[in-house]
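S.K.: Below are the chains, spelled out letter by letter.
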Amino acid sequence: MKRRLTSFDGTESFDAECVRPDRYRQLFDELSSPRLLIPRGAGLTYCAASAGEGVVSVDARSFNRILEFDPADGLVTVEAGIALGDLYRFTVPRGWILSVMPGSPSITVGGCIAPNIHGKNQYKDGNFRAVTDELRLFHPDHGEIVCSPGERPDLFNLTVGGYGLTGFILSARLRLQRLEHSAFRLRRLKVRSLLEAAEMMKDLADKVQVLYSWHDLNVAEFGRGFVYAGDPLEGNGSDQELRYQELDAETRGSWRLPLFGRFSTRSSLAAYALTQGWAGEEATVTLSQAFFPPVGKEFYFKLFGRKGLREYQVLIPHDQWPTAVERLKQLIVNRRVPITLASLKIFRGRGGLIDFQGDGVCLTLDAPEGQNTRELFADLDRWTEDVGAIVNISKDSRLQSPFLERIFPGFDSFRQQLAVFDPKRRFDSALRKRLDV
Amino acid sequence: MSDEAKSAVIVGASSGVGRALAGALAARGWKLVLSARDRRDLDAVAADLNLRFNVACEPLPVDLSNCDFAGETFCEQCVSALGEIDALFYVAGAIDDHDDGSTDDETTLKLAQVNYVSAVKTLGAFAKLFEQCGRGTLVGFSSIAAAVPRRQNVVYSSAKAGLETYLRGLRHRFADIPVLVQGYALGYVDTAMAYGKKLLLPAVSPDAVANEVVRNLNRDIGIKYYPSYWRLITLALRLLPWFIYKRLRF
Numbered sequence: 001m002k003r004r005l006t007s008f009d010g011t012e013s014f015d016a017e018c019v020r021p022d023r024y025r026q027l028f029d030e031l032s033s034p035r036l037l038i039p040r041g042a043g044l045t046y047c048a049a050s051a052g053e054g055v056v057s058v059d060a061r062s063f064n065r066i067l068e069f070d071p072a073d074g075l076v077t078v079e080a081g082i083a084l085g086d087l088y089r090f091t092v093p094r095g096w097i098l099s100v101m102p103g104s105p106s107i108t109v110g111g112c113i114a115p116n117i118h119g120k121n122q123y124k125d126g127n128f129r130a131v132t133d134e135l136r137l138f139h140p141d142h143g144e145i146v147c148s149p150g151e152r153p154d155l156f157n158l159t160v161g162g163y164g165l166t167g168f169i170l171s172a173r174l175r176l177q178r179l180e181h182s183a184f185r186l187r188r189l190k191v192r193s194l195l196e197a198a199e200m201m202k203d204l205a206d207k208v209q210v211l212y213s214w215h216d217l218n219v220a221e222f223g224r225g226f227v228y229a230g231d232p233l234e235g236n237g238s239d240q241e242l243r244y245q246e247l248d249a250e251t252r253g254s255w256r257l258p259l260f261g262r263f264s265t266r267s268s269l270a271a272y273a274l275t276q277g278w279a280g281e282e283a284t285v286t287l288s289q290a291f292f293p294p295v296g297k298e299f300y301f302k303l304f305g306r307k308g309l310r311e312y313q314v315l316i317p318h319d320q321w322p323t324a325v326e327r328l329k330q331l332i333v334n335r336r337v338p339i340t341l342a343s344l345k346i347f348r349g350r351g352g353l354i355d356f357q358g359d360g361v362c363l364t365l366d367a368p369e370g371q372n373t374r375e376l377f378a379d380l381d382r383w384t385e386d387v388g389a390i391v392n393i394s395k396d397s398r399l400q401s402p403f404l405e406r407i408f409p410g411f412d413s414f415r416q417q418l419a420v421f422d423p424k425r426r427f428d429s430a431l432r433k434r435l436d437v
Numbered sequence: 438m439s440d441e442a443k444s445a446v447i448v449g450a451s452s453g454v455g456r457a458l459a460g461a462l463a464a465r466g467w468k469l470v471l472s473a474r475d476r477r478d479l480d481a482v483a484a485d486l487n488l489r490f491n492v493a494c495e496p497l498p499v500d501l502s503n504c505d506f507a508g509e510t511f512c513e514q515c516v517s518a519l520g521e522i523d524a525l526f527y528v529a530g531a532i533d534d535h536d537d538g539s540t541d542d543e544t545t546l547k548l549a550q551v552n553y554v555s556a557v558k559t560l561g562a563f564a565k566l567f568e569q570c571g572r573g574t575l576v577g578f579s580s581i582a583a584a585v586p587r588r589q590n591v592v593y594s595s596a597k598a599g600l601e602t603y604l605r606g607l608r609h610r611f612a613d614i615p616v617l618v619q620g621y622a623l624g625y626v627d628t629a630m631a632y633g634k635k636l637l638l639p640a641v642s643p644d645a646v647a648n649e650v651v652r653n654l655n656r657d658i659g660i661k662y663y664p665s666y667w668r669l670i671t672l673a674l675r676l677l678p679w680f681i682y683k684r685l686r687f
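Taken in order, these protein sequences are the chains called A and B. Counting along the first sequence from 1, when you hit position 405 you're at 405 in the numbering used here, and nothing is skipped either side. Counting along the second sequence from 1, when you hit position 193 you're at 630 in the numbering used here, and nothing is skipped either side.
If the Cβ cut is set under 8 Å, some of the chain B residues that face chain A in the computed set are: (1) S451; (2) S452; (3) G453; (4) D475; (5) A481; (6) V482; (7) D485; (8) R489; (9) A629; (10) G633.
Source of the hints: derived by calculation from the structure; they are not laboratory data. Remember, predicted model here, so these are calculated numbers, not experimental data. Glycine included, C-beta positions come from ideal geometry on N, C-alpha and C.
Please build the complete structure, drawing on both the sequences and the hints.
M.R.: Structure (structure tokens):
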């Protein structure tokens, strides 16, 4: 069927052909057709990674079953269309949890593998690759292939963080973390700047399980905000049941008009800061609140209206951070763009190919879609290059291949490996065309 | 809610309403035989339900489009897997995009076989079993298409109408003993059958259908329309004069 598919940020739309197989026979028929294909999960990637002009989006969400569970070693094998929230409901009562989860429980496991997402404390837990033990992949020219860090590691590394371009993930074996608590002590630590926050977070990174920050960049005291640090709280009774609103690009853009302007952003962020200040320095939160902080706040995305939002996520090396913050302040003040969200995380590790991984400070910025925002983000691209940073490809619908080739040492290798594995470009998307891989 | 020690056979359990029904019953502790054409789908559903709800689920692949399909043999296989059986749900169905009344023999046979002949063979075999046991529930799934046939589903709607008539007859036969015979005439359901089609009204989820079926398990409901507003709609459509009905494109 033809459907209008929109990237989650609302900036790209396509009249795409969509199929939703619900049996393997039907799935393999679709995947073996001569048409261009791309797997699709919940469609929550900010850019159009699971849709494109002339591409058939294969909805994976009927393939959402749990196939194996080893309660002794904490290994679970699932079909890739399972939503994280569904998996959470299965593993948590059994004393296990997936330690690397993005904020939305609607995201599918395939949707975590494709951009190699990170969770609430990348420094401690790594990216999704760190919890992925083995994949079963289907590509019409190669059939079913099993790959893992030990078996066909090149294909495994190309697939985790490969944006669905290596084929349809039939199943994934994931490594869970033992869960010995059902609540967190969430400390809310007030900071006056981004620099202060990053220093504090570097100290806390290996000591806590959940670590992120929130900042207001629209005020004179640039970067004031809070660092959120969550420690497990033992013996705190049972977790509340996880309930969440299904989120997708269509419902995100259901409000026609944007409500984030300069004044409304300043006032709403000031009000948020006030409520956080009043809430005190410490709170007990449930496991689900700690792992899925945006749950219950989905309206935030709707406030951008149909026009959408832009997100910039960048990983800045520690030694460049102080200089980077100074320049960031100048750029934001000059462009007068309302920054609706600014947040930090601490990262470490070596990223492969085009992964968003490395040693440094991860900064996330949201702003309403518009000319000023695009100009600011173009400035930020130059700033990123100057400070030797990398950006998160899955978060930004503007990024073009020449820029990415310059900032990712592995970009060319990604392109070459993909060309060898899928020379006919059977798997395609708007993202692939934009990246020119 | 738990109905421990109850057991059921679901034919057409690999997707859509059948799969949702398997989930709803497994969540209540029912032991299940899950049947459909492909083992790979059945294995996945069975593993999932077994892990989530700790219930025994036995996959039993069967090709309902095959003329040699034997209802009694299938019934015996189910009895050896489950022992006592409390309910049979025949959810399987087949459609064809070119079912305009001039399909080739092979397609016609397949549609008639899956939607009617194999349904009757299966329901008949289990009817005999339940009669011997003196209890049991037989559930068949029809469609609103049975009441208001259209040019796009000529063989399908006639087969479903036949199935409905069969269920009515069977219900009459078992009127005096505690064997329940239920039928559902389903409206639009969000399954592969409806996906991508332009629908006049919203499709209900397979889970909603499954919950309704479980809710009615011990009730003598006869043939029930679900969602219930379809009873009124189909009645209104049947009352339309032919010169209007023939112009409808739905």
